[in-house]
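Peer 1: Now for the letters of each chain:
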Amino acid sequence: MLAEYFPVLVFLAISVVLGAILIATGGILGALLGHSQPNSEKSSPYECGFEAFEDTRSKFDVRYYLVAILFIIFDLEIAFFIPWALVLDKLGVFGLAAMTIFVLELIIGFFFVWKKGALEWE
Amino acid sequence: MPIYEIVFYAFSLVMLAGAVGVITVRNPVYAALCLVLTFFSASAIWMLLEAEFLAIILIVVYVGAVMVLFLFVVMMLDINVAPLKEGFIRYLPVGILVAALMAAELLVLIWSKGRFEAGAYPLPAPNPEEYSNTKAVGEWLFTNYLLAFEVAGVILLVAIIAAVALTLRHRAGGHRQNPSHQVRVERDERVRLVKMKPEPRQGS
Numbered sequence: 001m002l003a004e005y006f007p008v009l010v011f012l013a014i015s016v017v018l019g020a021i022l023i024a025t026g027g028i029l030g031a032l033l034g035h036s037q038p039n040s041e042k043s044s045p046y047e048c049g050f051e052a053f054e055d056t057r058s059k060f061d062v063r064y065y066l067v068a069i070l071f072i073i074f075d076l077e078i079a080f081f082i083p084w085a086l087v088l089d090k091l092g093v094f095g096l097a098a099m100t101i102f103v104l105e106l107i108i109g110f111f112f113v114w115k116k117g118a119l120e121w122e
Numbered sequence: 001m002p003i004y005e006i007v008f009y010a011f012s013l014v015m016l017a018g019a020v021g022v023i024t025v026r027n028p029v030y031a032a033l034c035l036v037l038t039f040f041s042a043s044a045i046w047m048l049l050e051a052e053f054l055a056i057i058l059i060v061v062y063v064g065a066v067m068v069l070f071l072f073v074v075m076m077l078d079i080n081v082a083p084l085k086e087g088f089i090r091y092l093p094v095g096i097l098v099a100a101l102m103a104a105e106l107l108v109l110i111w112s113k114g115r116f117e118a119g120a121y122p123l124p125a126p127n128p129e130e131y132s133n134t135k136a137v138g139e140w141l142f143t144n145y146l147l148a149f150e151v152a153g154v155i156l157l158v159a160i161i162a163a164v165a166l167t168l169r170h171r172a173g174g175h176r177q178n179p180s181h182q183v184r185v186e187r188d189e190r191v192r193l194v195k196m197k198p199e200p201r202q203g204s
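Protein sequences, first through last, are from chains B and G.
For the first sequence, position 19 matches number 19 in the working numbering, and the numbering has no gaps at all.
For the second sequence, position 108 matches number 108 in the working numbering, and the numbering has no gaps at all.
To be clear, the hints were calculated from the coordinates, so they are not data collected in a lab.
C-beta atoms are modelled at their ideal positions from N, C-alpha and C, and glycine is treated no differently.
Any given hint could be a false lead.
Stated by the list, open to error - Facing chain B, according to a computed beta carbon distance under 10 Å, are these residues of chain G, among others: (1) 60; (2) 122; (3) 123; (4) 126; (5) 149; (6) 158; (7) 180.
Stated by the list, open to error - Selected chain B positions facing chain G (Cβ under 7 Å, derived; list incomplete): (8) 11; (9) 29; (10) 32; (11) 62; (12) 83.
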């Protein structure tokens, strides 16, 4: 089984080596050929001439968090379907009933989210 | 099979380096990215154990979704590092004491079970050719661990309700479309026809 994943390993090794080469050549060539005249004005924030209004690291709105957590929950639900679908012919009606209960639990959650209006972006 | 050992040690090394990075890097966003690297290496090691399904789920759920959540939390909290460092020297003795106690407990436990001896962790026997980890997970999950599976569904439901209750705020003046209202709109709500007498043109 592991031999089937060998091409993935080859891709991984190539990308690691390529990334190392690019960073190394960039760093070495940049140090050898480039001019370096550091200046405090060069690294100060520039915003079309006026002073910056606020820090770059502004707070995220909490609504993005809600979208992300709902995504994770339904993502996990889908993940449970994959082994279930593979062995459904062995499990029979019992497996179908087990998954029906599981899905019903999450459909309740889905309707709750829907009716609360959490899926809408205002 | 030397390539197996090489791959195992390479990914273990990367995983340990990533785990050290999580707790030593100063920028919390970089720490989250180090955690991604750790998860990814753990997934590769699970793949070496022929646990394909778990390895892919680790990537999809943890790297793809949970880490995004971590990054959101990091960005939402607006962490300022300087106040966190206040009192570092004052709490250092207590911290070292707790850490040493925990490390001692772990070491004693592992030593007493003989887990440091060579050969305590033999290589798992290779599975037969037609073995499918995903099928094995399915067979066990939906029979022996059915209760845990259904409880997981309930926990997910609780998580949905908690997330909505904690973060959902309808703000005043939000512009939200109501499609059914848009469809049911009458002409009178939008246009007002006014009867008026024709007026002669000025100056003629």
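Peer 1: Checking against the hints above, which ones are violated?
Peer 2: 2, 3, 7, 8, 9 and 10
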